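Novice: Let the sequences and hints guide you as you build the complete structure.
Taking my numbering, I'd label the letters of the sequence shown as residues 1 to 630.
Mixed in with the good hints there might be a few duds.
As the list claims (entries may be wrong) - Taking CB as the label site, the calculated pair distances span:
(1) R284 / V569: 41 to 47 Å
(2) V209 / E521: 49 to 55 Å
(3) P246 / T520: 47 to 53 Å
(4) S296 / L200: 21 to 27 Å
(5) L200 / L224: 27 to 33 Å
These are computed hints drawn from the structure, not numbers from a lab. The structure displayed is predicted, hence computed values, not measured ones. A virtual CB, placed ideally from N, CA and C, is assigned to each residue, including glycine.
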Amino acid sequence: MTRFAAVDPGSEPEPGPESETESETGPATETATGSLPLARPADSFRMLWRHTLGQRGFVTLVGIVGLLAAVAGLVAPMVIGWLVDVLLAAGDGGAATDNGATASGGGPGASPLDPAGAIWWAAAAVAGAGLVAAVCAWAGQAWLARAAEPTVAGLREAVMDRALRIGSARLDGTETGDLVSRVAEDAREVSQAATTVVPLVVQSLFTVVVSGAGLAVVDWRLGLVGLLAVPMYWTTLRWYLPRSGPIYRQERAAFGTRASRLLGGVSGARTLRAYDAQGPELERIHAASAQARDLSIGVFGFLTRAFSRNNRAEAVVLAALLGAGYLLVTGGYVTTGAVTTAALLFHRLFNPIGALVGMFDQVQSAGASLARMTGVIDLPVPVRTGQLHGGALELAEICHTYRDGTPAVHDVHLEIGPGEVVAVVGFTGAGKSTLAQIAAGMVAPTAGTARLGGVELTEAEPVSLRGHVTMVSQEVHGFATTVAENLRVARPGARVEDLESALATVGAEWVAQLPHGLDTEVGEDGHRLDPMQLQMLALARVVLADPQLVVLDEATAEASSAGARQLDVAAARILAGRSALVVAHRLSQAVSADRILVMEGGRIVESGTHEQLRAAGGRYAELSRAWFGD
Numbered sequence: 001m002t003r004f005a006a007v008d009p010g011s012e013p014e015p016g017p018e019s020e021t022e023s024e025t026g027p028a029t030e031t032a033t034g035s036l037p038l039a040r041p042a043d044s045f046r047m048l049w050r051h052t053l054g055q056r057g058f059v060t061l062v063g064i065v066g067l068l069a070a071v072a073g074l075v076a077p078m079v080i081g082w083l084v085d086v087l088l089a090a091g092d093g094g095a096a097t098d099n100g101a102t103a104s105g106g107g108p109g110a111s112p113l114d115p116a117g118a119i120w121w122a123a124a125a126v127a128g129a130g131l132v133a134a135v136c137a138w139a140g141q142a143w144l145a146r147a148a149e150p151t152v153a154g155l156r157e158a159v160m161d162r163a164l165r166i167g168s169a170r171l172d173g174t175e176t177g178d179l180v181s182r183v184a185e186d187a188r189e190v191s192q193a194a195t196t197v198v199p200l201v202v203q204s205l206f207t208v209v210v211s212g213a214g215l216a217v218v219d220w221r222l223g224l225v226g227l228l229a230v231p232m233y234w235t236t237l238r239w240y241l242p243r244s245g246p247i248y249r250q251e252r253a254a255f256g257t258r259a260s261r262l263l264g265g266v267s268g269a270r271t272l273r274a275y276d277a278q279g280p281e282l283e284r285i286h287a288a289s290a291q292a293r294d295l296s297i298g299v300f301g302f303l304t305r306a307f308s309r310n311n312r313a314e315a316v317v318l319a320a321l322l323g324a325g326y327l328l329v330t331g332g333y334v335t336t337g338a339v340t341t342a343a344l345l346f347h348r349l350f351n352p353i354g355a356l357v358g359m360f361d362q363v364q365s366a367g368a369s370l371a372r373m374t375g376v377i378d379l380p381v382p383v384r385t386g387q388l389h390g391g392a393l394e395l396a397e398i399c400h401t402y403r404d405g406t407p408a409v410h411d412v413h414l415e416i417g418p419g420e421v422v423a424v425v426g427f428t429g430a431g432k433s434t435l436a437q438i439a440a441g442m443v444a445p446t447a448g449t450a451r452l453g454g455v456e457l458t459e460a461e462p463v464s465l466r467g468h469v470t471m472v473s474q475e476v477h478g479f480a481t482t483v484a485e486n487l488r489v490a491r492p493g494a495r496v497e498d499l500e501s502a503l504a505t506v507g508a509e510w511v512a513q514l515p516h517g518l519d520t521e522v523g524e525d526g527h528r529l530d531p532m533q534l535q536m537l538a539l540a541r542v543v544l545a546d547p548q549l550v551v552l553d554e555a556t557a558e559a560s561s562a563g564a565r566q567l568d569v570a571a572a573r574i575l576a577g578r579s580a581l582v583v584a585h586r587l588s589q590a591v592s593a594d595r596i597l598v599m600e601g602g603r604i605v606e607s608g609t610h611e612q613l614r615a616a617g618g619r620y621a622e623l624s625r626a627w628f629g630d
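Specialist: Structure representation (structure tokens):
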């Protein structure tokens, strides 16, 4: 049994059609340690119900055909029981049925003394019921797909929409890959559950309910005997449920560790060979694989014990049902056919109940995935209505501390006038990137204010903010599409002439040499771009966006020494006539700035031009001597 992209920081997406409103704050959520929050079960199902709004007609149809299929499944046991009585009566020469008891059923046109006709009628009834059940199963699967796939797609899009609108500051505090796993793995888990697990669960529930009702209709006394299975099944569930969750979590974690080890070994094969370190790495892979194997064997044994408990309940109750039926038949209360029908109906419960128990872990897993997706969708998005109209960037008494308590920036005062370029230098951890994110409006400072033209950046409407401020970080991103569409991220609908002009500005003549020029597909399945080329595309986006203020956070740091000069020239071109805050990875980038800030321990410790700071003999002078020499 089976158990079960990043964006360029220089642009702000528009709200998608599946997203929640800007003013909605969402219900409280349970927080997963070190990651995005998890939603409560009630909130998860509320979100699921909301996204099925346009598909509820299909959901209703699925329920109807599921009920019809379950009812059709009663035909065979009923007909077989009736046939037993007919054949017994025929064997007695047309006498009344057993001990004068009422027969379990009758067939149109058939007589107890006409066994051949009865058999034909029984075969036709069973075949007809089988055909009805088959049609219902086909229609149910088709309608369920029509309901499930748009619903899961809507949930996935809502997760992405909310993730893109809550801001990078919120995402930066999460575990690596948490958001990606919620969009990919969790959405796939919910989709798989909707298309494979849910139909089996619904079908099993209908079968259990309808068969139980049919058992009671055949004879209420036999129905009471069948109820003996309820406490026995409940005992199995009480034993199974508390143990299943931890066991399956350990198994999935072990599978993840094994996959990580295998991928690490494959991707790092050259390094391992270079240091002749294959042996230790193979041992680690073997250990991870052995742990996953042992846990899988343990899970199989656990499932075997669970199903053995179910089998025990089924054997005991079936024996009791046959024993009670014997007494009722000999007493003349029911016919042999009725007992046969009751036994077959109870036997019909075996597979559905086993399926419900066996698939419960998959239902739990899908519920956990839905809670993870809903946790992102319910994240509050602040309402921002401020409109920017240009002016100076003012940072006043800026302090920032991350949620884990790490201090980043302390009491920073900075003003950048129109057209002024300010460079920031300092050692790693000095607070440069945090300052850049605050200046770009991507992070709200924990204290102080950041304004552009007197309007606080944290209150600026996203479209207005991105129309005036563009940030390019060291981690630029290339989308899996054409070069042209990669550029149009900054200005949708830009003409080809505009794209070519932006590329010429940053010196990206290499685009014309690609197989299809601007129409060349790039990314994992297309032409691979090197880091310098990706950075040039990111700088060309700035030209297309045409902002007033540009924030470059080590935007040319990934270039090789051969490409560093080209990127520095490209950066200088896009900054011409614009205000800029440049976090310099190389000191040569800061030399031409109007002003240079030196940060240390989250504070600005020096400020001035290149010559002024060299003459001052302070920290910048030390950095300059180390970089340029005497």
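Novice: To test your reading of the hints: which numbers does this structure violate?
Specialist: none
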